[in-house]
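**Q** Read off the chains here:
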Amino acid sequence: MDKIVRQFAKIKQEERIGLMTHVVIGYPSMKETEKIVLAMVEAGVDFIELQMPFSDPLADGPAIMQANQRALQNGIGMLDNLALMKKLSSQVNIPLFFMGYYNTVYNYGGERFCQAAARAGASGLIIPDMPREEEKREGFYAASRKNGLANIIVVSPTTTADRLKKISREVKGFVYCMARSGVTGTRTDFSKNLPKYLGRVRKYVKVPLGVGFGISQGADIKKLLGVAEVAIVGSAVINLLGKSSSVRRISAVNKFIKTLVKASFYGNS
Amino acid sequence: MKLFFQTKYDADKDGHFGDFGGRYMPEVLVPALEELTRAYEEIKRDKVFERELFKLYKDYLGRPTPLYLAENLTRHLGGAKIYLKNEGLLHTGAHKMNNSIAQALLAKKMGKRRLIAETGAGQHGLAVATVAAKFGFACTIYMGAKDVARQQPNVFFMKQLGAEVVAVEEGTKTLKDAVNMAIKDWLADPDDSYFLLGSTVGPHPYPSLVRDFQSIIGLEVKEQLTKRPDYLVACVGGGSNAIGLFNAFLDDQAVKMIGVEAGGQGVAKIGQHASRLTGRGRLGVVEGFKSYFLQDKEGNIQPTASISAGLDYAGIGPEHGSLYESKRVQYTQATDQEALRAYQLLAQKEGILAALESAHAVAAVIKLAPKLAKSKTIVVNISGRGDKDLFITADKLDRKNWRRYLKNQAENNG
Numbered sequence: 001m002d003k004i005v006r007q008f009a010k011i012k013q014e015e016r017i018g019l020m021t022h023v024v025i026g027y028p029s030m031k032e033t034e035k036i037v038l039a040m041v042e043a044g045v046d047f048i049e050l051q052m053p054f055s056d057p058l059a060d061g062p063a064i065m066q067a068n069q070r071a072l073q074n075g076i077g078m079l080d081n082l083a084l085m086k087k088l089s090s091q092v093n094i095p096l097f098f099m100g101y102y103n104t105v106y107n108y109g110g111e112r113f114c115q116a117a118a119r120a121g122a123s124g125l126i127i128p129d130m131p132r133e134e135e136k137r138e139g140f141y142a143a144s145r146k147n148g149l150a151n152i153i154v155v156s157p158t159t160t161a162d163r164l165k166k167i168s169r170e171v172k173g174f175v176y177c178m179a180r181s182g183v184t185g186t187r188t189d190f191s192k193n194l195p196k197y198l199g200r201v202r203k204y205v206k207v208p209l210g211v212g213f214g215i216s217q218g219a220d221i222k223k224l225l226g227v228a229e230v231a232i233v234g235s236a237v238i239n240l241l242g243k244s245s246s247v248r249r250i251s252a253v254n255k256f257i258k259t260l261v262k263a264s265f266y267g268n269s
Numbered sequence: 270m271k272l273f274f275q276t277k278y279d280a281d282k283d284g285h286f287g288d289f290g291g292r293y294m295p296e297v298l299v300p301a302l303e304e305l306t307r308a309y310e311e312i313k314r315d316k317v318f319e320r321e322l323f324k325l326y327k328d329y330l331g332r333p334t335p336l337y338l339a340e341n342l343t344r345h346l347g348g349a350k351i352y353l354k355n356e357g358l359l360h361t362g363a364h365k366m367n368n369s370i371a372q373a374l375l376a377k378k379m380g381k382r383r384l385i386a387e388t389g390a391g392q393h394g395l396a397v398a399t400v401a402a403k404f405g406f407a408c409t410i411y412m413g414a415k416d417v418a419r420q421q422p423n424v425f426f427m428k429q430l431g432a433e434v435v436a437v438e439e440g441t442k443t444l445k446d447a448v449n450m451a452i453k454d455w456l457a458d459p460d461d462s463y464f465l466l467g468s469t470v471g472p473h474p475y476p477s478l479v480r481d482f483q484s485i486i487g488l489e490v491k492e493q494l495t496k497r498p499d500y501l502v503a504c505v506g507g508g509s510n511a512i513g514l515f516n517a518f519l520d521d522q523a524v525k526m527i528g529v530e531a532g533g534q535g536v537a538k539i540g541q542h543a544s545r546l547t548g549r550g551r552l553g554v555v556e557g558f559k560s561y562f563l564q565d566k567e568g569n570i571q572p573t574a575s576i577s578a579g580l581d582y583a584g585i586g587p588e589h590g591s592l593y594e595s596k597r598v599q600y601t602q603a604t605d606q607e608a609l610r611a612y613q614l615l616a617q618k619e620g621i622l623a624a625l626e627s628a629h630a631v632a633a634v635i636k637l638a639p640k641l642a643k644s645k646t647i648v649v650n651i652s653g654r655g656d657k658d659l660f661i662t663a664d665k666l667d668r669k670n671w672r673r674y675l676k677n678q679a680e681n682n683g
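Chains as they are written, first to last, in my numbering: chain Y, 1 to 269; chain H, 270 to 683.
Treat each hint with caution, since some may be false.
Stated by the list, open to error - Chain Y is nowhere near these chain H residues, computed Cβ spacing over 10 Å in every case:
no.	residue
1	491
2	519
3	537
4	562
5	601
Stated by the list, open to error - For the chain Y half of the interface with chain H, some residues (derived, Cβ under 10 Å), not all of them:
no.	residue
6	53
7	54
8	59
9	61
10	158
11	181
Since the hints were derived computationally from the structure, they do not count as laboratory data. Note that the Cβ used here is the ideal one computed from N, Cα and C, for glycine as well.
Input sequences plus hints: build the corresponding full structure.
**A** Here it is in structure tokens:
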């Protein structure tokens, strides 16, 4: 948690919007995931989601689905997830999150997973298919709290005021606002509705807001300046990795992230 | 007859059947599921809805379906009396239609304009495409590419009915991937679209909703039999035809029930069967519900195999999971070979060509009936008819002639 607070202080001081990027652990390979994360950090991102690969990633579009499949073909499992988190968290200063689906967590044991994730140096968790209604049975949010992990809750434009009110009691770190309904990796039309929707979320939620889904370039990030505190970029990097030859991958990511970071300063808008 | 009734095996208000079920869905779909739950609770109290539905069941679907005493098969097996509940005589050829027409009626009441559905064997897709045509909905059907390849006739029919059929190339290219893609489509358009789930799986309220819309099967059996049956037998993929037969009898402990899973090439090896309960399924949370799934040690869903596309599914409906746990229902499996033999025997003895799914249930009856006294009765759900499987059954049972025919057809028309 401290790391997240510290990172937001830094973002504020540097007068910009924060940037969260995403990798799938083991895609294209374990070694490359590590290098990609380090290249992202070097380029200046604030938060990184390390996605634990799963066979049925419900909220992801084709690009991230295929990356998940590829990672599973590479034999990636929980021990690899934890080992990578441990290795990276000791090398970088920014908060790292585990993102994934609840069956991966459930299968390992919720409590056991939270302990292991915290011990490996994760700052928080993003598990979109674990809704608060099931908490009474699962005790998953309680376990993450106990282990000092922030649970990044995902909300969408369809989330009602009533639910926002309920969710607001459990938020830690920041709230992940889907810019639109649907899955990751398709374009988003940042219509006039976005500020209105985020305003509605802010009425109930008193932590910073991150906006993701369909944010793939500097121009998208500029539209979020003054509207949200974090811009979240996922599939765009996966697509870039898919397109780049293996020798250019890491430098391509580094270069791409730098264009995003450049767009994140208020002074440049 | 009342379509909606409670049993002591029902879910709690959040959709939990004991440890099973629930609603493990991304936040974006929760409002849509809440809206559906409200609509479902309303129609349960709405006598007009029930009346409209019963009229459609009768006039459009051809209900009630016959409960037929299979005398030749009974004599051949030499034990309990065997009754066939012949859902194969329903419009479009399978029990799937009971649920599809009811949910379409519900979607209409909710003001939706488009139906999205997943399909395995194509029977549910066909039923949805049919009701979409009848009620004037736009319609998109997701079907695993592997299933598209083995169920071409149904794909053709769905298109003729005006549906868009999307072949899913992701994952194992079967039913679970079709469910995934259908949910993703719904995620993108939850306001206008209605997700017409075809089995007793998925997040609350679907397992309860689909069960209620299939309960007509058992309700009719209750009226058609003069005395209570001793055994009910049905195949179990997601579990809708089985729960449809069982539900009206669940509270009567004297009625024994058997669910039959797909044994494929044998349950010893993962990837070669779809036996979640009798194989090596473990508890998991996938596609919005908690139940038994065939998964690896990391919780990744494993490939399944069955000669019958409708049973080829890695998860089992949460109410079945709970009925298994409480031992109210006994579960067994039949292999591909046993199902094929049962298909042939039923054809030869009774003149009924059953769907390969239903043939799994018949296979279990072949084992059970001779062990029971002649005074006992078994009701088996013939959930569908076998036309749709022509390309599989003909290739397995009369390969040489069939392939020659296909070759001639292709050449003569090419």
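**Q** Should the label of residue 491 of chain H as a non-interface residue stand, given a Cβ cut-off of 10 Å to chain Y?
**A** Non-interface label on residue 491 of chain H holds, nearest chain Y Cβ at 35 Å vs cutoff 10 Å.
**Q** Measuring from the C-beta of residue 181 of chain Y to each C-beta in chain H, is the shortest one below 10 Å?
**A** Status holds, d = 5 Å.
**Q** According to the definition I'm using, a residue is off the interface if its beta carbon is farther than 10 Å from all beta carbons of the partner; does residue 537 of chain H meet that for chain Y?
**A** 22 Å, holds
**Q** Verify this label for me: residue 601 of chain H is non-interface relative to chain Y, using a Cβ-Cβ cutoff of 10 Å.
**A** 27 Å, holds
**Q** Can you verify the interface hint for residue 61 of chain Y: is its Cβ closer than 10 Å to any Cβ in chain H?
**A** 7 Å, holds
**Q** Double-check residue 59 of chain Y for me: the hint is only fine if its C-beta lies closer than 10 Å to a C-beta in chain H.
**A** This hint holds: residue 59 of chain Y lies near chain H, its Cβ roughly 5 Å from the closest one there, short of 10 Å.
**Q** Does the nearest C-beta of chain H fall within a distance shorter than 10 Å of the C-beta of residue 158 of chain Y?
**A** Cβ of residue 158 of chain Y sits 5 Å from chain H, so the hint holds.
**Q** Given residue 54 of chain Y as an interface hint, is the shortest Cβ-Cβ distance to chain H below 10 Å?
**A** Since the shortest Cβ distance to chain H is 6 Å, the answer is holds.
**Q** Looking at residue 562 of chain H again, its CB stays over 10 Å from all of chain Y?
**A** 8 Å, violated
**Q** Less than 10 Å between beta-carbons is the criterion; does residue 53 of chain Y satisfy it with respect to chain H?
**A** 8 Å, holds
**Q** Classify the label on residue 519 of chain H as holds or violated, using whether its beta-carbon is more than 10 Å from each beta-carbon of chain Y.
**A** Given that every Cβ of chain Y is farther than 10 Å from that of residue 519 of chain H, nearest at about 24 Å, it holds.
Violated hint for the displayed structure: number 4, the only one.
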